[in-house]
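Undergrad: Those sequence lines, one after another, are chains X and A.
Going by this note's numbering, the first sequence wraps up at 202, each residue one higher than the last.
Going by this note's numbering, the second sequence wraps up at 649, each residue one higher than the last.
Treat the hints loosely; a few may be bogus.
As the list claims (entries may be wrong) - Partial list, computed: chain X residues near chain A (C-beta under 7 Å):
| no. | residue |
| --- | --- |
| 1 | T101 |
| 2 | D105 |
| 3 | L201 |
Just so you know, these hints were derived from the structure itself, not from any lab.
C-beta atoms are modelled at their ideal positions from N, C-alpha and C, and glycine is treated no differently.
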Amino acid sequence: MKPFTNFESRIVPLPINNVDTDQIIPARFLKTTSKQGLDKQLFNDWRYDAQGNPNPDFVLNQPAAQGAQVLLAGDNFGCGSSREHAPWALTQFGFRAIVSTSFADIFKQNSLKNSLLPIAVPPDVHAELFEAVRQDPAATVKIDLANQTLTTPAGHTVEFPVDGFSKYCLLEGVDELGYILQRTGEIGAYEAAHPAPINTLV
Amino acid sequence: MPRTIIEKLWDSHIVHEQPGAPTLLFIDLHLVHEVTSPQAFEGLRERGIGVRRPDLTIATADHSIPTTDRSLPIVDEIAARQLAQLETNCAQFGIRCLGVHSDRQGIVHVIGPELGLTQPGMTVVCGDSHTATHGAFGALAFGIGTSQVEHVLASQCLLQRKSKTFQVRVDGALKPGVSAKDIILALIAKIGVGGGTGSVLEYTGSAIRALSMEERMTVCNMSIEGGARAGLIAPDDTTFEYLYGRPHAPQGAAWDAALARWKRLPTDEGAAYDHSAAIDADALEPMITYGTNPGMGVSINAPLPDPALLSDPMQRDSVAKALRYMGLEGGKPLVGHPIDVVFIGSCTNSRIGDLRTAASVLKGRKVNPKVRVMVVPGSQEVKRQAIAEGLPELFRAAGCEWREPGCSMCIAMNGDQLAPGQYSVSTSNRNFEGRQGKAAAPSWPAP
Chain X
1 MKPFTNFESR IVPLPINNVD TDQIIPARFL KTTSKQGLDK QLFNDWRYDA
51 QGNPNPDFVL NQPAAQGAQV LLAGDNFGCG SSREHAPWAL TQFGFRAIVS
101 TSFADIFKQN SLKNSLLPIA VPPDVHAELF EAVRQDPAAT VKIDLANQTL
151 TTPAGHTVEF PVDGFSKYCL LEGVDELGYI LQRTGEIGAY EAAHPAPINT
201 LV
Chain A
203 MPRTIIEKLW DSHIVHEQPG APTLLFIDLH LVHEVTSPQA FEGLRERGIG
253 VRRPDLTIAT ADHSIPTTDR SLPIVDEIAA RQLAQLETNC AQFGIRCLGV
303 HSDRQGIVHV IGPELGLTQP GMTVVCGDSH TATHGAFGAL AFGIGTSQVE
353 HVLASQCLLQ RKSKTFQVRV DGALKPGVSA KDIILALIAK IGVGGGTGSV
403 LEYTGSAIRA LSMEERMTVC NMSIEGGARA GLIAPDDTTF EYLYGRPHAP
453 QGAAWDAALA RWKRLPTDEG AAYDHSAAID ADALEPMITY GTNPGMGVSI
503 NAPLPDPALL SDPMQRDSVA KALRYMGLEG GKPLVGHPID VVFIGSCTNS
553 RIGDLRTAAS VLKGRKVNPK VRVMVVPGSQ EVKRQAIAEG LPELFRAAGC
603 EWREPGCSMC IAMNGDQLAP GQYSVSTSNR NFEGRQGKAA APSWPAP
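Next comes chain A alone, as it looks inside the complex (with noise of 0.2 Å):
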């Protein structure tokens, strides 16, 4: 029977199954970080085991670390205190942690494929929503909570039912200034924050070939917004063209079988999925959000929606008070609508294109003196390739903050935040009430 990439990738993964239990599910790659880890480590010692595959696990610290001079003592003494137990829980445990020093550092999303560490096939997890980016590479890629965490380092398996399989087809050629963020978006508008729950996606069709891998991190990145805790795209020549010679890609023979075995991959033609949806990519326009979910977005010239036009009640209401949080109006567009800060960053947008794309914008020109642009790269090896292409001159010609990478202000956790009444246009993925500091009112474009 023809199967879907999401059905050979669940498949090839089954350790054991039994009747009326779920499945026992084998993770080839576990990501961990400083936030949703201390609590499983402790699990583990309090059960008096270790970790069974510190091969198949590596560390970094990157939500709740600042992204200010390094060499710096850190001033929040409870995030330095988790940072610390990173360190100490890694070394503990056997666990490769490139933590706060280390020049390998970065958004745990950014550092796995820049590392050849996520490949096709694979199975990936980590304590974080935004695990579903390495499905780009097509992985079954998803995030996790804390038991769950203490159960891979313990066993190197999770106990899972099987999700939909929801195909998302995204023909035709995106326009100048449309960018992979606005695909996303406008697919998360169609179907709502719930939409994609219980399912993995697959994004398919010439507008997602047509995309770069970094890109394609961009789209898969925000399937959770949509509400499916996986989504990926079939690997390709683009896919291996961006593995080749990484540090932890194949070699030589290695490489070759690896390479016959990630071609057979791709879903079988005439395999069928459980839903489906379209998306008309030559359609599309650059698309921002103006609400409290990530499902409130419009393209960036349309009105905003009129409360008193919408007939559900629940959406109406939804939108008002999203509305009146935000301090806008219904019916009249954002563009024109004054900022404070502007937050460049963050595992959908920070790698070394986003970077670029930023900088084409910002060449020559200045940032207006009453607004603040924070560029947080990926990585240490973001910053360095951004080092090497003038990057940061550039932005700090026109006025930017150019930082140390981490999570920074899309999970605001490490003193990178709005004030109160401030608000920011951002290149992350989520909009919620007081996500980028108390009572602040965060929107975002695509970059």
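So that you can see chain X by itself, here it is in the shape it has in the complex (with noise of 0.2 Å):
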């Protein structure tokens, strides 16, 4: 994983509460053996008609959103599925943040693991943010993970929670794989103390 540095980025806004996995990426897209070539199929069904073209009036499909960095999502965002094409989608299209009042906890973990931010904010913030970005779809947030911070076009600096180990995780890109493999002493260890009730193979 690369490690995650500071970036100021336009917003695209989605104001939409609940937003589920399938939306984000629908599960007929989930028959790929790979992460890649993911980008294409984010939020699908919005994005494109029946046809396959391009829906003017979804935000990703506006000038503003090419480049943009930072999605605006309402709350809960991410609920459903477990499946980490979602983040992977996200990554792909070049979101690196994910701003919204709350998010669904598969997602949340699997976006900290694709070097994804999920920035919970107040709802205030939350409303504010909306509200500059609908005045000015060009306005632009910075993120600060060190500090934990996002400062609004406003700027207003708020700070944002992260735990501490996805916090060093992304800021040192470690892979998590890497940390847990370190453990194989107490991994043997537990196993040698809790004979398995089951045996699958036989």
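Put the two chains together into one complex; each comes in its own frame, and the hints tell you how they fit.
TA: Have a look at this one:
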């Protein structure tokens, strides 16, 4: 994983609550055995019409969205299935952070493992950001992970929560599996003390 | 200090704890399927490492597998490649695969319990959000992403943060025609689709105790639809009776030892929960959802909410948007609305008890010729049992399709799907936009 660095970006507003992972990437695109090539299918059924032409009303098809790295979404973003294809599609499109008031658990965990930062902000900041981007689609926010701050287009700097371990992994580009595998001794000791109740191979 | 079953399960699986880092938790059973595993196996190959505990891992094909005649080749080449990749990966890494042609194939959350692999006191994971199903046995069972599938394959462990504990107390007796599905739909309608976020639910109370294991699985299955990654029910005699004699259940002296262990799992008297909610089973009516998330549920005869009468602007918008998508009017009940397709299946409701319930409704009746009814058993074992009871003939005589086991139209990635504009009623778990086919408008009741 590449270390997560500070950045400034325009915001793509998606003012819808409970956006589920079936909207982020519909199930029919999960037949792939690769992680790649999913950006084209991000929000597919909102983004394209029945003939596959871009829907001009959908925010990802508007000029201001091109090159933007921050998605501003409604409450409980990423609910539904466990598909990691959702953060894969979002990061391949270019997003590096999602700002909302809350995130679904599995989506949040999957995002953190893919250098996609879920930023939860209070409702007033959330509303301020939607208003700022409504007034000026080119408005930008600054994201500083080390200091856990988001700076709004109006210049308000707000702190956001991120657990210390995830922050460390993101900033250092640490791979979690590498960390787990350093604990092989402890895993072996646990296994020795806890005989398995099942054996799937017999 | 008295502990909840959730805390007991957590404490007994701690491998390593370090200040500032999540807990390293041991996983007793890892269920694998074709859709969320290929990239994880690829990761193992890139690292040059193997699967640590193939004996605690088992795979099956369920999501992208067609539910048509298995002796025919798979038409969808991409799905065929994904299914073949699962078999190749399992062969290479020494994992037992109940694949396309196995006589034990089935939906991952149906076969774990029916094989006796899911047992009380275990941690169970799968790259699927409906893994909470296994919580019905008093297991801590939750869905994970593909990175975590790779972690478990490589180490049999996961880095996890402790969840909050959330008691859902359901007392009383269900009226005839009201089922387990109505309990969970009523809960989600009450707490909302994000209400359980960050928590593990424990379902307690007399109405839960009265449920069969299959019904308990239906309740736990949909914990994720309330935002909770896991939901569970403490084991009791119903659990033990279900497990006894199953292929992977302990036998002889091992059974007695396991039983003694399992009986220590239930929540201690006086243990405290972080959150709680109560459902009055006596007051429940059959539920149906009308919108585009599982929290949009109402009693079957109740009028749909009228957005104009909702005070919260976000809720008003979301209900209005859902009704628009569904082509429905607020203020009127859903009963009487024409439908095109009925889907009976999924990890929520495809077990033998569900099929018996459906059969009892269809016996001696005919499906309206304009309506397509698909009956998709949850596993080869469920299918065998249904055949032994003569259910396929009954379904066919009524005008239903009797299909091969798989997730089918619950996730609609195997070709079983709605045409644009069709309405379906389904026994599955999600009514998200497009879930059952692009621009389709799904809704579902309890069976």
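Undergrad: Would you mind marking each hint as holding or not holding in the structure?
TA: Evaluation of the provided hints:
With 7 Å as the threshold, the beta carbon of X/T101 stays out of range of chain A, its nearest partner Cβ sitting at about 10 Å, so the hint is violated. Interface restraint check: X/D105 against chain A, minimum CB-CB distance 5 Å, threshold 7 Å, status holds. Of the supplied interface hints, the one on X/L201 holds, with its beta-carbon coming within about 5 Å of a beta-carbon of chain A, less than 7 Å.
In this structure, only the earlier hint numbered 1 is contradicted, and the remaining ones agree with it.
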